[in-house]
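J.: Given next are the chains, with one letter for each unit.
2 protein chains.
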Amino acid sequence: MNIDLIRAAARRLEGHVRHTPLLSSPFLDDIAGKRVLVKPECLQHTGSFKFRGGWSAVSALDPDIRKRGVIAFSSGNHAQGVAMAAAAHGVPAVIIMPADAPRMKIDNTRALGAEVVLYDRAGGESREDIGQKYSEARQLTLIKPYDDPQVIAGQGTTGLEIAAQARAEGVETADVLVCCGGGGLTSGIALALEADAPDLRARPCEPQGFDDTTRSLASGKIERNTTLSGGICDAIVTPEPGKLTFPILSRLCGPGIVVTEDQALDAMALAFSRLKIVVEPGGAVALAAALFHSQETKGDAVIAVCTGGNVDPDMFKTALNRTS
Amino acid sequence: MNIDLIRAAARRLEGHVRHTPLLSSPFLDDIAGKRVLVKPECLQHTGSFKFRGGWSAVSALDPDIRKRGVIAFSSGNHAQGVAMAAAAHGVPAVIIMPADAPRMKIDNTRALGAEVVLYDRAGGESREDIGQKYSEARQLTLIKPYDDPQVIAGQGTTGLEIAAQARAEGVETADVLVCCGGGGLTSGIALALEADAPDLRARPCEPQGFDDTTRSLASGKIERNTTLSGGICDAIVTPEPGKLTFPILSRLCGPGIVVTEDQALDAMALAFSRLKIVVEPGGAVALAAALFHSQETKGDAVIAVCTGGNVDPDMFKTALNRTS
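Same order as they appear, the protein sequences are chains E and B.
Position 142 (the first sequence) corresponds to 142 in UniProt numbering; numbering is contiguous.
Position 221 (the second sequence) corresponds to 221 in UniProt numbering; numbering is contiguous.
Keep in mind that the hints were calculated from the coordinates and are not lab data.
Just so you know, not all the hints are guaranteed correct.
One copy or two, either will do: identical chains are not told apart, so a pair holds if it fits within one copy or between any two.
Using 25 Å as the maximum straight-line C-alpha spacing, the simulated SDA-like pairs for lysine to any residue come out as follows [as the list claims (entries may be wrong)]:
id	residue 1	residue 2
1	LYS298	GLY220
2	LYS34	GLY90
3	LYS317	GLU194
4	LYS133	ARG322
5	LYS298	PRO313
6	LYS67	MET315
7	LYS317	GLN263
8	LYS317	ARG103
9	LYS317	ALA269
10	LYS298	THR173
11	LYS243	GLU14
12	LYS67	PRO26
13	LYS298	GLY123
14	LYS317	MET104
15	LYS221	ARG127
16	LYS34	GLU240
17	LYS221	HIS19
18	LYS133	GLU194
19	LYS34	GLY113
20	LYS243	SER219
21	LYS67	SER135
22	LYS317	ILE232
23	LYS34	ASP262
24	LYS317	ARG12
25	LYS34	GLU125
26	LYS34	ALA10
27	LYS221	LEU140
28	LYS133	HIS89
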């Protein structure tokens with residue numbers, strides 16, 4: 001896993017990925033006590049950065065292998081990213097999703113042309129086992145959500161854009177806060193920043209109770225979450241950091257930042273009122289860290305990646321109700 | 001009023017304006033029955049395109065005149081655009097606002113450093129008269145919301161961006177739908193398209209009951225709205241098309257498109273779920289026309305400008321409630 005894979009992914013993504021802008025608001029700067037720049041990947045195709053990794057992985061396959069189809073397991077955003085990338089390449093996609101994933105994510109994945117297989121997240125069977133079974137029966141290529149070099153490379157293109165955009169904004173030294181599940185986006189961004197903006201430092205952000213990466217970075221070895229359900233930040237809940245991603249996170253990232261669910265909801269409401277973007281709870285964790293934990297960050301500015309916006313209206317209203 | 005003024009405004013705005021992307025979703029294409037491209041000016045500084053005109057006008061002033069300050073009358077978006085532009089230039093701003101404007105717009109305008117003067121929109125005194133009074137007493141320069149060449153030039157920079165972005169997307173012939181109040185944005189975009197993309201045609205979009213521009217274009221002379229209050233699309237309610245803007249609209253634009261308030265609310269909900277952007281009712285009128293009146297448009301694609309996102313949480317929840 002290296003910067004050349006990320007640059008190659010950027011070339012394959014060109015013309016297909018959306019280059020998201022950097023947003024800002026003086027009202028957010030006031031809250032954080034420093035300049036806040038937001039990379040709204042909720043505006044990416046399919047409503048999250050996962051389209052980058054999906055496209056990168058599908059486009060990297062040998063055409064003869066790709067045409068048999070791909071398979072992915074995902075609580076929703078990776079599912080949609082892979083489904084749309086597969087459809088654009090004209091190949092079938094099977095997506096294994098937890099039955100308790102937000103309805104909108106399940107519906108969207110089906111509408112994007114994928115065959116959706118639901119499983120019980122609280123039950124005994126791991127999604128990895130189910131995925132393996134389908135993959136073998138139909139000769140589908142498994143596209144993992146984060147522990148795959150081409151997926152990490154695709155997510156890392158976000159970091160290439162941030163490096164160039166931060167320079168254009170005159171930001172030299174800053175923490176780049178990233179909502180972190182398995183660490184695909186965080187490690188990809190960390191590698192891109194190491195190459196193109198070494199004074200920007202990636203930092204994983206997680207919700208309280210699901211802070212496996214923060215604890216793993218602190219202890220120096222992979223730590224697991226004790227539970228995988230019950231939180232509102234479903235998009236970034238994974239059992240533990242990935243085997244490919246954790247060494248990269250350990251080498252390059254600053255300490256993790258942990259926020260409460262209430263802080264994530266408040267960040268959603270502020271993204272609504274100040275940036276005019278729709279962010280899901282898991283996608284608002286880094287913005288919550290930027291706004292409410294800025295004393296834990298270094299530099300005159302802080303950059304936060306809002307990773308996704310696939311949120312049901314009821315959950316969004318819960319966030320809005322905190323402001324009115 | 002000509003294209004050279006718009007190109008000069010683009011040079012003054014460079015580095016200060018946000019270049020908003022073009023967004024899209026296959027789900028919106030399905031509703032319209034053709035490709036839909038959305039220019040989200042809700043993501044512009046201050047949450048609406050009005051920042052462009054405000055910056056253009058303030059930056060065009062002679063420094064000795066500018067330092068005395070500026071004054072504007074506005075239901076909210078022009079107010080914020082002028083307030084932020086004045087603050088960035090280090091000069092005072094007085095803003096005359098209707099007392100029934102959304103609270104968020106009044107609060108934001110004050111927070112951006114402007115002195116806000118409220119007036120009764122239903123009463124007898126015109127905002128123009130009040131503005132004139134302040135302007136004379138304090139030697140402030142009045143920045144009109146649309147009938148000012150430098151304001152039209154600033155708004156027209158949106159059209160320069162649309163022309164280049166449509167070309168990059170392979171769109172040659174299309175209607176460009178614009179939420180229309182006094183016609184500053186619509187006429188500016190029309191002039192920019194005439195120069196840079198003559199096969200793209202600007203079309204004003206209005207809410208039912210406040211369709212002065214549509215009726216004026218149909219009759220060939222300026223027609224007034226019979227009422228100025230009671231609607232939810234406050235951002236684009238003006239008495240009649242402007243004296244500078246109407247001749248441009250007449251010469252260059254296609255017929256107006258009128259949508260219902262319910263269609264504007266549905267467009268807000270779809271912008272939430274499919275584009276992850278926050279749009280106010282008046283800013284969603286063009287998207288509503290693209291989605292629900294596409295049979296009135298020409299070309300294989302339709303481009304809609306979402307002009308603003310300064311909406312109170314309660315109104316936004318009203319839109320979300322239509323989907324759940």
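J.: Next step is simple, just say for each hint if it's right about the structure.
T.: Status of the hints after comparison with the structure:
1. Within a single copy, LYS298 and GLY220 get their C-alpha atoms as close as 22 Å, which meets the 25 Å cut-off; across copies the closest is 61 Å, which misses it.
2. For a Cα distance limit of 25 Å, the shortest separation of LYS34 from GLY90 across copies, 20 Å, qualifies, whereas the shortest one inside one copy, 46 Å, does not.
3. Proximity of LYS317 and GLU194 under a CA criterion of 25 Å is satisfied in neither setting, with 39 Å inside one chain copy and 43 Å between copies.
4. Taking the closest pair of Cα atoms, LYS133 and ARG322 never come within 25 Å of each other, the shortest separation being 44 Å inside a single copy and 41 Å across copies.
5. Neither within a single protomer nor between protomers do LYS298 and PRO313 lie at most 25 Å apart by alpha-carbon distance, with minima of 35 Å and 33 Å respectively.
6. With identical chains, the CA atoms of LYS67 and MET315 are never at most 25 Å apart, being 38 Å at best within one copy and 47 Å at best between copies.
7. Taking CA atoms no more than 25 Å apart as the test, LYS317 paired with GLN263 passes in both settings, with 15 Å inside one copy and 21 Å between copies.
8. For the identical chains of this complex, LYS317 and ARG103 are neighbours both inside a copy (16 Å) and across copies (19 Å), given an alpha-carbon limit of 25 Å.
9. With identical chains, the CA atoms of LYS317 and ALA269 are at most 25 Å apart both within one copy (9 Å) and between copies (12 Å).
10. In this homomeric assembly, LYS298 and THR173 come within 25 Å of each other (Cα to Cα) only inside a single copy, at 8 Å, whereas the closest approach across copies is 49 Å.
11. Taking CA atoms no more than 25 Å apart as the test, LYS243 paired with GLU14 passes in neither setting, with 29 Å inside one copy and 45 Å between copies.
12. Taking identical chains as interchangeable, the C-alpha atoms of LYS67 and PRO26 lie at most 25 Å apart only when they sit on different chains, with a minimum of 23 Å there against 49 Å within one chain.
13. Taking identical chains as interchangeable, the C-alpha atoms of LYS298 and GLY123 are never at most 25 Å apart, the minima being 42 Å within one chain and 53 Å between chains.
14. For a Cα distance limit of 25 Å, the shortest separation of LYS317 from MET104 qualifies both inside one copy, at 15 Å, and across copies, at 18 Å.
15. Taking the shortest alpha-carbon separations for LYS221 and ARG127, only the intra-copy value of 24 Å comes in at or below 25 Å, while the best inter-copy value is 66 Å.
16. For a Cα distance limit of 25 Å, the shortest separation of LYS34 from GLU240 qualifies neither inside one copy, at 32 Å, nor across copies, at 44 Å.
17. When the C-alpha separation of LYS221 and HIS19 is checked against a cutoff of 25 Å, the pair qualifies neither within a copy, at 35 Å, nor between copies, at 43 Å.
18. Proximity of LYS133 to GLU194 under the C-alpha cut-off of 25 Å is found in neither arrangement, the shortest distances being 38 Å within a copy and 58 Å between copies.
19. Taking identical chains as interchangeable, the C-alpha atoms of LYS34 and GLY113 lie at most 25 Å apart only when they sit on different chains, with a minimum of 19 Å there against 44 Å within one chain.
20. Taking identical chains as interchangeable, the C-alpha atoms of LYS243 and SER219 lie at most 25 Å apart only when both belong to the same chain, with a minimum of 16 Å there against 70 Å between chains.
21. For the homomeric pair LYS67 and SER135, the shortest alpha-carbon distance inside one copy (14 Å) is at most 25 Å, but the shortest distance between copies (69 Å) is not.
22. Taking the shortest Cα distances, LYS317 and ILE232 sit within 25 Å of each other both inside one copy (13 Å) and across copies (20 Å).
23. In the homo-oligomer, the alpha carbons of LYS34 and ASP262 lie at most 25 Å apart inside one protomer (22 Å), although the nearest pairing across protomers, at 41 Å, exceeds that limit.
24. In this assembly of identical chains, LYS317 and ARG12 lie within 25 Å of each other by CA distance neither inside one copy nor across copies; the values are 38 Å within and 40 Å between.
25. Proximity of LYS34 and GLU125 under a CA criterion of 25 Å is satisfied in neither setting, with 46 Å inside one chain copy and 43 Å between copies.
26. For a Cα distance limit of 25 Å, the shortest separation of LYS34 from ALA10 qualifies neither inside one copy, at 31 Å, nor across copies, at 29 Å.
27. Taking the shortest Cα distances, LYS221 and LEU140 never come within 25 Å of each other, neither inside one copy (33 Å) nor across copies (65 Å).
28. In this assembly of identical chains, the alpha carbons of LYS133 and HIS89 lie at most 25 Å apart only when taken from the same copy (24 Å versus 64 Å across copies).
Comparing the model with each earlier hint shows violations of hints 3, 4, 5, 6, 11, 13, 16, 17, 18, 24, 25, 26, 27; every other hint is respected.
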